[in-house]
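Each protein sequence line maps, in turn, to chains A and B. To convert, note that position 241 of the first sequence is 241 in the working numbering; the numbers rise steadily by one, no gaps. To convert, note that position 37 of the second sequence is 37 in the working numbering; the numbers rise steadily by one, no gaps.
Since the hints were made in silico from the structure, they are not lab data. Treat the numbers as computed from the prediction; the structure is a model and nothing was measured. From the three backbone atoms N, C-alpha and C, an ideal C-beta is built for every residue, glycine too. You may find that some hints are simply not true.
What the hints assert, rightly or not - Far from chain A by the CB rule (all over 10 Å, computed), these chain B residues:
(1) 20
(2) 48
(3) 49
Unchecked claim - Just so you have them, the derived chain B footprint on chain A, three or more residues with Cβ under 8 Å:
(4) 163-174
(5) 313-320
Stated by the list, open to error - Straight-line C-alpha distance at most 20 Å; calculated EDC-like pairs for lysine to aspartate or glutamate:
(6) 164/A x 59/B
(7) 86/B x 171/A
(8) 26/B x 5/A
(9) 26/B x 233/A
(10) 174/A x 59/B
(11) 26/B x 43/B
(12) 201/A x 233/A
(13) 174/A x 160/A
(14) 164/A x 142/A
(15) 86/B x 59/B
(16) 86/B x 202/A
(17) 164/A x 56/B
(18) 26/B x 85/B
(19) 81/B x 59/B
(20) 87/B x 171/A
(21) 22/B x 33/B
(22) 87/B x 172/A
(23) 86/B x 7/B
(24) 87/B x 7/B
(25) 87/B x 33/B
(26) 387/A x 377/A
(27) 174/A x 128/A
(28) 86/B x 128/A
(29) 387/A x 335/A
(30) 81/B x 49/B
(31) 387/A x 336/A
(32) 86/B x 9/B
(33) 81/B x 11/B
(34) 86/B x 4/B
(35) 201/A x 160/A
(36) 87/B x 335/A
(37) 174/A x 259/A
(38) 164/A x 49/B
(39) 81/B x 14/B
(40) 164/A x 220/A
Here are the chains, one letter per residue:
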Amino acid sequence: MSISDRFAELAHLRDALGAEEADPTRIVMEKILSPTEAMIAGRPTILVGTNNYLGLTFDPTVLAAASAALHEQGSGTTGSRMANGSFACHAALERSFADFYGVPSAMVFSTGYQTNLGLLMGILRPGDKVVLDSHSHACIYDGCRISGADFLAFRHNDPEDLRKRLRRLGDDAKGALVITEGLYSMLGDTAPLAELCAIAKEYGAWFMVDEAHSFGVYGERGLGLCEEAGILDQVDFITGTFSKSLASLGGFCVSRHPELQLLRYGSRPYIFTASPSPASIGAAAAALEAIRTRPELKANLWANATRLHDGLSAAGYELAAPVSPVIAVRVPSREEGARIWNALMEHGVYVNLVLPPAAPEGAALLRCSLSAAHSFDQIDAIIAAFKTVAPEVATGGAQSTAAQ
Amino acid sequence: MSHDTQDLEQEILDVLFERLSKFPVKSGTLTADTSLVADMSLDSVNMMELLMEVEDTFDVSFPLNMMANVDTVQNLADQIKLLVEKKS
Ligand SMILES: Cc1ncc(COP(=O)(O)O)c(C=O)c1O
Numbered sequence: 001m002s003i004s005d006r007f008a009e010l011a012h013l014r015d016a017l018g019a020e021e022a023d024p025t026r027i028v029m030e031k032i033l034s035p036t037e038a039m040i041a042g043r044p045t046i047l048v049g050t051n052n053y054l055g056l057t058f059d060p061t062v063l064a065a066a067s068a069a070l071h072e073q074g075s076g077t078t079g080s081r082m083a084n085g086s087f088a089c090h091a092a093l094e095r096s097f098a099d100f101y102g103v104p105s106a107m108v109f110s111t112g113y114q115t116n117l118g119l120l121m122g123i124l125r126p127g128d129k130v131v132l133d134s135h136s137h138a139c140i141y142d143g144c145r146i147s148g149a150d151f152l153a154f155r156h157n158d159p160e161d162l163r164k165r166l167r168r169l170g171d172d173a174k175g176a177l178v179i180t181e182g183l184y185s186m187l188g189d190t191a192p193l194a195e196l197c198a199i200a201k202e203y204g205a206w207f208m209v210d211e212a213h214s215f216g217v218y219g220e221r222g223l224g225l226c227e228e229a230g231i232l233d234q235v236d237f238i239t240g241t242f243s244k245s246l247a248s249l250g251g252f253c254v255s256r257h258p259e260l261q262l263l264r265y266g267s268r269p270y271i272f273t274a275s276p277s278p279a280s281i282g283a284a285a286a287a288l289e290a291i292r293t294r295p296e297l298k299a300n301l302w303a304n305a306t307r308l309h310d311g312l313s314a315a316g317y318e319l320a321a322p323v324s325p326v327i328a329v330r331v332p333s334r335e336e337g338a339r340i341w342n343a344l345m346e347h348g349v350y351v352n353l354v355l356p357p358a359a360p361e362g363a364a365l366l367r368c369s370l371s372a373a374h375s376f377d378q379i380d381a382i383i384a385a386f387k388t389v390a391p392e393v394a395t396g397g398a399q400s401t402a403a404q
Numbered sequence: 001m002s003h004d005t006q007d008l009e010q011e012i013l014d015v016l017f018e019r020l021s022k023f024p025v026k027s028g029t030l031t032a033d034t035s036l037v038a039d040m041s042l043d044s045v046n047m048m049e050l051l052m053e054v055e056d057t058f059d060v061s062f063p064l065n066m067m068a069n070v071d072t073v074q075n076l077a078d079q080i081k082l083l084v085e086k087k088s
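With the rest of the complex left out, here is chain B:
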């Protein structure tokens, strides 16, 4: 993995952690392996808000249907990374 893509991944995770910090986590701590639904009970509106913020931060289109492949924070970061890389 090149240095750049690692940086990008960390940047995305940092943004997600920041945005998600206002929601309680069942186990107490938010990590990349935290499940957005099972551990955080994000409802459909929270999820949509999060995606709109992500789209604006990284200037990408993140279709809501892509969330079907997302469980953890890491999964979400991976999807966003794919979109950002495709763009450049």
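Excised from the complex, chain A in its bound form:
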């Protein structure tokens, strides 16, 4: 394929979206009013399509830490830690993550994407075997692909399917890497981590969990779904991002193996890119402190999630998973998805429109993601907008509720 063929292919993809008025690239937030509100097309709009789970992007402690770091350490690091040196803040944040998890090793990367790329490209070599959940994020697939390892998918969240695929690997299952996420960002469902981990260990495989959407959101202390599943002493690698509950930009990997630190000598996405800016590190450090010391943030998030989940299912919408901070509304077709998405925008509500192949299992999803910073009034306004834009769904729901 030539470059001009590829441009034509991309233009075709864009036009397919435009025809349905479903092009997410047209959304521009003209002014950010708060973690949960922005001006879009001149209209104040409730944001329920972010990953701002704890609502910390305007938190005074986070802003103060980012601003102090900016003024004291400058606007950028201008280079990589290997070539140009670490700032004290990078090392300090790594210590904070290691302490928070009670593990010997933590590494900070420049984005969540590069974290998974950095870990996988660092630990895998051609011929190594990986078995990953089929719904894994693109950066997990990319890390596997670039590493040259042999990677196979198991059916989403299906422990018996994982077992079958490990069994098929025979002797190679020992030392293979099993990869899963915690909370899945599109359907809002969670991995059965205890079962998956037990099976991986039974076969002598390593176990890695990406907690991008579950860090700060699950677990008594906010460590994520591994904490909630009680497997912190068994999971080998946990990755996460600063771009969601930590309200910043960057990523982390923690491990109970001290050897993780060796990746500093042989992980290209760690070595060949600039280290995170001081402001990004400052914000993430303050947000981490908020997760440690302000459990009410998580409590508010879950109260909001429960309220929206209850409201939308009472209105007759089909929801993809039990309550979680990501609530995905299933719609039967791309066209209906695009229509409802646009109508919600006109009612001042922004959700994420997810079309195949990003929407698993066909059709379309309207992805809502909750924030601790939403008020109950905002949640109620979101539910009201959903009821207005699809009256036929809402009536169906009211009837079935009345019939019960």
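For chain A, the structure is supplied; the task is to place chain B with the ligand on it using the hints.
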């Protein structure tokens, strides 16, 4: 080519044709020379589903990275055949 390996190849092609019959083909007919991406626009999710089904049908491990060597239905059948033969 022995009778057995021809049978195996035909069996694999039959399974692939059956699994692929739900996808439209640009030229209209699905043959062993049909390109999975250029003629059928299978996206990454369709491709992965297809491989998981193939793995279960023939009880083999088919790493996704092996798809780098696959363009047509025939290429895919050849790769699967190699895996099945290696197993026995
Ligand atoms: C599961 C998962 N991993 C990694 C990432 C990448 O994180 P980042 O946005 O920090 O690059 C995301 C989000 O985009 C994600 O959903």
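Q) Straight-line Cα separation of residue 387/A and residue 336/A no greater than 20 Å? A) holds, 15 Å
Q: Sort out whether residue 59/B lies within 20 Å of residue 86/B, counting only the CA atoms.
A: Measuring from Cα to Cα gives roughly 12 Å; hence the hint holds.
Q. If you draw a straight line from the CA of residue 164/A to the CA of residue 59/B, is it 20 Å or shorter?
A. holds, 9 Å
(Q) Against the 20 Å threshold, does the CA-CA distance of residue 87/B and residue 335/A hold or violate the hint? (A) Roughly 46 Å separates the two Cα atoms, so the pair is violated.
Q. Between residue 87/B and residue 171/A, is the straight-line Cα distance small enough, at 20 Å or below?
A. holds, 13 Å
Q) Between residue 86/B and residue 4/B, does the CA-CA distance stay at or below 20 Å? A) holds, 14 Å
Q. Is the straight-line distance between the alpha-carbon of residue 26/B and that of residue 85/B 20 Å or less?
A. Given pair residue 26/B, residue 85/B is violated - Cα atoms ~32 Å apart, limit 20 Å.
**Q.** 20 Å limit on alpha-carbon distance, applied to hinted pair residue 164/A and residue 220/A
**A.** violated, 33 Å
Q) Is residue 387/A close enough to residue 377/A, meaning Cα to Cα at most 20 Å? A) At roughly 15 Å apart (the allowed maximum being 20 Å), residue 377/A and residue 387/A satisfy the hint.
Q) Would the least Cβ to Cβ distance between residue 49/B and chain A come out above 10 Å? A) violated, 8 Å
Q) Do at least three Cβ atoms from the segment 313-320 of chain A come closer than 8 Å to Cβ atoms of chain B? A) violated (count 0)
Q) Is it correct that the beta-carbon of residue 48/B has no partner in chain A closer than or equal to 10 Å? A) violated, 5 Å
Hint violations for this structure: numbers 2, 3, 5, 9, 14, 16, 18, 25, 36 and 40, all remaining hints satisfied.
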